[in-house]
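A.B. asks: Read off the chains here:
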Amino acid sequence: MSDLSEQLPDVTALLAGLDEASYLADEPLGTALFLAARMGQPILLEGEPGVGKTQAAKALAAVLDTPLIRLQCYEGLTSAEALYEWNYPRQLLAIRLAEARGETPREADLFSDEYLLPRPLLAAIDHPGPRPAVLLIDEVDRGDDEFEAFLFELLAEAAVTIPELGTRRAAYPPIVVLTSNRTRDLHDALKRRCLYHWIEYPDVARVAAIIRRRVPATAGPLIDQVAAGVGRLRQLDLAKPPGVAEAISWANALAILGAGELDAAFAERTSGAVLKYSEDLAAVRRIGFAAITDD
Amino acid sequence: MTSDLAEVSARFGAALRQAGLPVGAGRCERFASAVTVARPRTKRALYLCALATLVSSKEQGEVLRGVFNQVFDELGGELAGLAGGSGTAAGEPAAQPAGPPEEMLASTALAARSHGVPPAGAQRSEVPDPAQDSGGPEDQDREIEDRFLGSLTERLASKDFAELSEAELTSVIALMRRITLAVPVRSSRRYRRWPGGRRIDLRSTLRQARRTGGHTFRLIGTAAADRPRRLVVLCDISGSMEPYARAMIQLLYCAAGGASAEVFTFATRLTRLTQVLARTSPELALRQAGQVAPDWLGGTKIGSALKEFNDSYGRRGMARGAVVVIISDGWETGDPQVLRREMERLSLVAYRIVWVNPRTKSASYQPLAGGMAAAWPHCDAVISAHAVTALDQLTEALSDQVRRRATVRATHLCLAINS
Ligand SMILES: Nc1ncnc2c1ncn2[C@@H]1O[C@H](COP(=O)(O)OP(=O)(O)OP(=O)(O)O)[C@@H](O)[C@H]1O
Ligand SMILES: [Mg+2]
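Protein chains in written order, with our numbering: chain A, 1 to 295; chain B, 296 to 714.
Okay, chain A solo, but in the shape it has when bound:
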């Protein structure tokens, strides 16, 4: 197992790397990700929607210059989708071809790597290095209990057993990043296995910095105004408080319309980029968009 101490000598180096990958993380998140990578411990990232959980894993992979392998969870996810599946059409073809030659195909030939379709979890275990892959298990709270139990075992062993092929152990155990939106509580055992970080919604200055980075077309006062405006919206007790993703798309929408500054009229025209529910739009209309845009 590589210890990554060269790529990641300390937290500061990781933060600089993430910055280069256009992901602006704070020190707490940087420390948590650094420890996950260096200690080889899975990490669970939680936080409001759009706060950058998924992107954190992607950026970490970019920093390490290693593949990001992503498994999106949903209810009913099966091992055939998460782990591996046999390539049945190819196997059938092989059986028929052997038959045509008057042979009986051997079991070992049919159930070999050649006919194996690795899905994300197996791909991460099989990753040949030279550095571990980043395995993103996204929105694990959407999967069901059985999957969680299975995942727990996989994390504990960094190995999977394929009945026909035996146990495959990772030469480079992946750096595992799990994300959850907390729609459901995860099992204690799984949580205990993981490092943990709650990603806070960034402060106005950092939101502005993220917009500057992510929406190069914006300039001048607009950036700070959008960041501040989103901050005010977030204090309104909305059904879906806007997150970083919404701040970015709002800035984008304003830039496309050529807005130099954020005023009430522009805010209302582009509200669809930042308010995702009609109740929320109605709530903001009630107090007036000027309350969001004016100091």
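Careful: at least some of the hints might be erroneous.
[What the hints assert, rightly or not] Here are the computed lysine-lysine pairs in the DSSO-like style, where the Cα-Cα straight-line distance is at most 27 Å: (1) LYS191/A to LYS58/A; (2) LYS353/B to LYS240/A; (3) LYS454/B to LYS602/B; (4) LYS240/A to LYS58/A; (5) LYS353/B to LYS58/A; (6) LYS191/A to LYS656/B; (7) LYS276/A to LYS58/A; (8) LYS240/A to LYS276/A; (9) LYS656/B to LYS276/A.
The hints are simulated quantities; they were obtained by calculation from the structure and are not laboratory data.
For this one, chain A is given, so just place chain B with the ligands on it according to the hints.
C.D. replies: Then chain B with the ligands, alone, in the frame of chain A:
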């Protein structure tokens, strides 16, 4: 691991346990190894190592911050802005390098020692040794968590939900998490291997076929696996029911099996909460429900809310074969006949109907309120579920496979008629 480091993590772990966090030897070890890897040179950096390794929720993180400040205050004042997302504020003492990591550890150990918290397992050894602990670190964690929950149980579990303060309600979350809301099963779209099943399992079929060179296939069938029935909850949020509504919705949010429930609230109007609940916390969801239906002072119209449910959701399929839970004290300000009719319609499609009425906690309760009397005959169970200790009634009523409407109907119809 240096002995300073071992001592720091053991004492700090003990302080965290005292504050109620489930931190066992396993976690302490992890914290120590994080310090070895990250080599923190400031108090803040040390805190961030603790934060990443010793908690597993946002709330636990807040407890940790308090304890860290207490234990390490010898290292120089409060750690201002510790949890702040934006990094250290200018001039924050904690951010000033305190010398090489070893030096900081030594002074940290000193601070922790003078704080007077005995390290974990003080009666056994100074430093927790997981190998010596027969149960292993994970078991120890579990045990600590149990003990932590144990003390809470005694105090709060038997209190009526209406008497719990907001903070107390939050602290029974841990108890509610232990509860599993299991409803009876129905067949689902998930398949498992089953001889003679109508769907074909390709993986198994091919495994068989390789023996015959792919000549004769014996198709291996699968059949639908059982899945839990749908759980639908209709919750009265009118004045007096509010605390119970809060508690029930929190339960659905925390308990295993609760998250997939369909949740509605009503006072005079029906509001679907499922989506909101998935996005936010129970408190916020309820507050919003109150805003959406701000007219609850007008009293409860259970019958018309139920009609709305039946018309818009229930009869279309949501209630079909489902276990339906209605949470209300049964004070109907509308026409009880409407409620009776709608309960009957619902009972024709639902698998079971469970009515949670906190008033029934009293043994002398009789369903004299017009609404409750009208509804009772159509219920499979009527329970109080008014406190954590009374939630067993709910889990039992939910998992029950037997319909009891007929018998309930006989006895309580008399009551209703007599009244
Ligand atoms: N710190 C950050 N620096 C740069 N970009 C960010 C940052 N945080 C979030 N973003 C951007 O915000 C958007 C949303 O982020 P992401 O999809 O990672 O959020 P999420 O937490 O996974 O949301 P969800 O819960 O909806 O899955 C992305 O475009 C991402 O690049
Ligand atoms: Mg995401």
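A.B. asks: Tell me the numbers of any earlier hints that the structure contravenes, in ascending order.
C.D. replies: Result: hints 3, 6, 9 break, sorted rising.
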